[in-house]
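**Q** Below, each chain spelled out in residue letters.
2 protein chains.
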Amino acid sequence: MDLETVSENRAFGGTQGVYRHKSAATGTDMTFAVYLPPAAEAGPVPVLWYLSGLTCTHENAMNKAAAQGPASEAGIALIFPDTSPRGEGVADDAAFDLGQGAGFYVNATEAPWAPHYRMWDYVVDELLALVGDHFPLDLTAQGITGHSMGGHGALTLAMTLPERFRSVSAFAPIANPVASDWGRKQFAAYLGPDEAKWASHDASLLMAERGFPGEVLIDQGGEDQFLDKLMPEALAHAMMKRRQPGMMRMQPGYDHSYFFVSSFMPDHVDWHAERLWT
Amino acid sequence: MDLETVSENRAFGGTQGVYRHKSAATGTDMTFAVYLPPAAEAGPVPVLWYLSGLTCTHENAMNKAAAQGPASEAGIALIFPDTSPRGEGVADDAAFDLGQGAGFYVNATEAPWAPHYRMWDYVVDELLALVGDHFPLDLTAQGITGHSMGGHGALTLAMTLPERFRSVSAFAPIANPVASDWGRKQFAAYLGPDEAKWASHDASLLMAERGFPGEVLIDQGGEDQFLDKLMPEALAHAMMKRRQPGMMRMQPGYDHSYFFVSSFMPDHVDWHAERLWT
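Chain order of the listed sequences is F and X.
If you read the first sequence in the working numbering, its first letter stands for residue 356, the second for the next number, and so on.
If you read the second sequence in the working numbering, its first letter stands for residue 356, the second for the next number, and so on.
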């Protein structure tokens, strides 16, 4: 598969790159970012996927999450996918939380979204194969994290594909989308009115039903302006009811911004590195 | 108030003492343990209360929780009260979870318990005054923790008396006693059938209603044989719903024993010391 290099910058002794390719999954050009730590010069390194939130592209976390420093030290690569297909001819909505920038990491089955909105397949299959072909990555050592809608994505992917992901964490995830304004509207649009089809994309329901084989780390800001939509209490209940190894932290004073994400990013990178470098 | 010294042993450069006194609150002799760190030789030190679980006396945690080492380093004192009144003429029950060794940190109002089972008043008022008189303690810097029934006690005391306790944590607390076999039976016996009177002794209900002004730390073992009675999921839900600062950790593989408590005791002592030495 062809890959166009958009940019490459030295960062913390490694390389922060941005790349573009024609995606078969979405039928559009897609852009993503990869950070390779210095350790990648010596051989394949573990991979940490970072899924972004509403309105984000591959750029937000790359620029603002301050993950490259810890990843350089830990010797793990970072991959920052986009959050939706984009461009002319791709369905969109005037709201910021539906359509472009708001793919919710599902494969849409409903009009007008179905032709391009296949972010689950894009991340799970196509982008994985692509980065595996082009970068020195140890695909037997993958972890996943994300913020808000991306935290939802990280948790649902990890619990659905436990053989793929050895570690998972999330920052302020949309934790119970089937019960939230961030979820019901989008699942109805992308997946249709049958709520039974939504359940496999809800972190709290997946936690209740199957959990994750390893430990799970969740951070949530106590002054997050979207707490009523994120519903961490549903995930906390499901985690403890299931006896899911791991921890959930309520970080007082932090809001939903990247100031929150970057503050705890070193903890998360170290958490994943501990579980991936084994 | 008179205090009889039962024993004193050097421990981690400080002193582990056991003392006995006549309690006005319970109308019995009561025994408790105090650990004073080396720092107490130079002046008053902060205090960490440790409330024990079912069947325990002042001895269990003193002997098995491995708290003295961390407390010595952190420069904080430890107080280990007994879990109930004891002796002839004190009501008891054949079951291990009612009566002697099972005071539940409440003031009983019902026969035959009311005359002696006043563990709330004993810990909150009488023992506080006693240790304040006899030991070099900074009573403006008190924290509280405990295990199982004692975790229940620590959480309910801290949320009820936030002006008293600057920090709180718990190991595998009985988290929702009004809904548990560890709670309903005892509250019915000690407090009577009116469940409205039980609510002020339920950590999950107190968390939903008022929470704690500081951060809360909860550790729970994932292989705890009493999880169905402890109900950490109720407390987790209430903590996250309220946006309570702090964290709850599910520690995989650990059971309900003091091997669990001692494994995480250093974290808890450090947690309290950070908040008490300020």
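Any given hint might turn out to be false.
If chains are identical, the list can't say which one is meant, so a pair holds when it fits in one copy or spans any two.
Below, in silico cross-link-like pairs of lysine to aspartate or glutamate (DMTMM-like), each with a Cα-Cα straight-line distance of 20 Å or less [stated by the list, open to error]:
no., residue 1, residue 2
1, Lys377, Glu428
2, Lys596, Glu578
3, Lys552, Asp476
4, Lys377, Glu443
5, Lys596, Asp610
Note that these hints are calculated values from the structure, not bench results.
**Q** Does each hint fit the structure? Answer for all of them.
**A** How the hints compare with the structure:
{"no.": "1", "hint": "Lys377 to Glu428", "result": "neither (33 Å within a copy, 60 Å between copies)"}
{"no.": "2", "hint": "Lys596 to Glu578", "result": "between (26 Å within a copy, 12 Å between copies)"}
{"no.": "3", "hint": "Lys552 to Asp476", "result": "within (16 Å within a copy, 55 Å between copies)"}
{"no.": "4", "hint": "Lys377 to Glu443", "result": "within (14 Å within a copy, 84 Å between copies)"}
{"no.": "5", "hint": "Lys596 to Asp610", "result": "between (27 Å within a copy, 16 Å between copies)"}
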